[in-house]
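J.: Count the sequence shown with our numbering and you get residues 1 to 56, in order.
Careful, some of the hints might be misleading.
Stated by the list, open to error - Taking lysine-lysine pairs in the DSBU-like style, the calculated list, with each CA pair at most 30 Å apart, reads:
id	residue 1	residue 2
1	K10	K22
2	K25	K10
3	K28	K10
Calculated directly from the structure, the hints in this document are not laboratory data.
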Amino acid sequence: MTGLDNSITKNEYEEFMFLERKLSKEQKQAVLNIMTGIILGELAREGTERNETRTT
Numbered sequence: 001m002t003g004l005d006n007s008i009t010k011n012e013y014e015e016f017m018f019l020e021r022k023l024s025k026e027q028k029q030a031v032l033n034i035m036t037g038i039i040l041g042e043l044a045r046e047g048t049e050r051n052e053t054r055t056t
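Taking the hints into account, I'd like the entire structure generated from these sequences.
T.: Laid out in structure tokens, this is it:
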């Protein structure tokens, strides 16, 4: 799992690379879209929290 610095272990990286080779182009695009959505959601949440802090 990721640590405090959000890094992954060598074993996790190797497992990801093994699975990545098995995915079709469409599956890879779907994973990318999901990851992008998660990142955008986190950025929106952080922005909302910052705005709430400023207004209080």
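J.: Could you tell me which of the hints above the structure violates, numbers in ascending order?
T.: When the structure is compared with the hints, none of them turns out to be violated.
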